[in-house]
Structures are given as structure tokens and as C-alpha cells.
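Number of protein chains: 2
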Amino acid sequence: MLVLITYDVSTMDREGRRRLSRVAKKCVDHGQRVQNSVFECILDAAQFRRLRYELEELIDKDTDSLRFYNLGDNYKSKVDHVGAKETYDMSDPLIL
Amino acid sequence: MLVLITYDVSTMDREGRRRLSRVAKKCVDHGQRVQNSVFECILDAAQFRRLRYELEELIDKDTDSLRFYNLGDNYKSKVDHVGAKETYDMSDPLIL
Numbered sequence: 001m002l003v004l005i006t007y008d009v010s011t012m013d014r015e016g017r018r019r020l021s022r023v024a025k026k027c028v029d030h031g032q033r034v035q036n037s038v039f040e041c042i043l044d045a046a047q048f049r050r051l052r053y054e055l056e057e058l059i060d061k062d063t064d065s066l067r068f069y070n071l072g073d074n075y076k077s078k079v080d081h082v083g084a085k086e087t088y089d090m091s092d093p094l095i096l
Numbered sequence: 001m002l003v004l005i006t007y008d009v010s011t012m013d014r015e016g017r018r019r020l021s022r023v024a025k026k027c028v029d030h031g032q033r034v035q036n037s038v039f040e041c042i043l044d045a046a047q048f049r050r051l052r053y054e055l056e057e058l059i060d061k062d063t064d065s066l067r068f069y070n071l072g073d074n075y076k077s078k079v080d081h082v083g084a085k086e087t088y089d090m091s092d093p094l095i096l
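Note that the protein sequences, when read in sequence, are chains A and B.
According to the UniProt record's numbering, the first sequence is numbered sequentially starting from 1.
According to the UniProt record's numbering, the second sequence is numbered sequentially starting from 1.
If you are wondering where the hints come from, they were derived from the structure by calculation, not from laboratory data.
Take every hint as true, because none was put in to throw you off.
The list treats identical chains as interchangeable, and a pair is accepted whether it falls inside one copy or across any two copies.
Listed next, the in silico SDA-like pairs over lysine to any residue satisfying Cα-Cα at most 20 Å (straight line):
1. K76 to H30
2. K61 to V79
3. K26 to D80
4. K78 to D44
Next up, chain A with everything else stripped away, as it sits in the complex (with noise of 0.2 Å):
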């Protein structure tokens, strides 16, 4: 199935900076970077709940936040891009 997986980590410290660069590394490990803080994940039941619970370990709860959305096995429809480049460097966790 297809999961999106987007992410706000709070970066007015070095710690939540360094939060926001393990996230994206785990979700470059895992998937596709589409957009900044946007990730498209192929996974099945038993990986997402493994992604799942390491990206909750990395984060504060306090300030970040993760969404996952389940788009199923039959994605292709649902999804749409408009604008510049589809996809980004899997080796670039960007930092902005």
C-alpha cells in the first residue's frame, strides 16, 4: 500500500534541527521524497507499523507532529503534482 507520510518538526533549536535530519532520514530510507516534508512510502502492514513507531521514537511530541495517510493499494489515481520537479534527491534531508 501506498502510505504519505508528512511531518512538521519544530527547528528553533539544534536539538529539533537534528530531530527534522533523522526523520527525513528515515523516511529517504523508506520511501520517496515528493515534497520538502512530504514522503510517499510503499509498505506493507507490518513495516508501517515498524516506520510508524521509529519516526514516534525520533520526534517530540510536544512540538513535532507526523501524519500518515493511507492511500491503499490502488494509488495511482488519487494522487496529482503540479508544478516543479516530482521528486527529491533521496540523499538530501533539506533543512529549512
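Dock chain B against chain A, hints included.
For chain B alone, kept in the frame of chain A given last:
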């Protein structure tokens, strides 16, 4: 149906920051801000077409991007949130 809208707008210059503000404002007018650049909008097909067109008009397609995810009518079980505040203040088009 629930349409998830995500965007990346280049804010390297003042015009980009203006575009970001306009895109955020347009999304705020049509849905719920759930993360900084992530909106959930309940739309019918005609509303979706119009909003998509209006957003396309606001961005610079060489530097900015929009993504639309159609989560259909039965979306509640497909969405999962972890961490800080579930929703943003609608009146606050954050610029990071």
C-alpha cells in the same frame, strides 16, 4: 471527498514569500491546516477542480509544486496523527 493538498513554494525571494502567503491563504479558505504546508479539504468534484485551477494560477511552476491526494469519502480510518497539535490556527499562514 477529502482532498489532501501539500505544497512546496520557494521562498528564496520576496515574490516567493508572497506566493507562499497567497497559496496558504487560498488553502485556509477551503480547508483545515493540519501541518505547515498540509491541508485537508472536504470538496466535491467541481470545488476541487476550481481550487486546483486557482492554486495552479498562484504558483511558479518552475520553482513551486502542489500535490493533491484524493482520499475519497471514507477517509477517517485512513488518516493518523502523532504528536503536537492536530490543527493549526486557520488565520496564520506560517512562513518558514
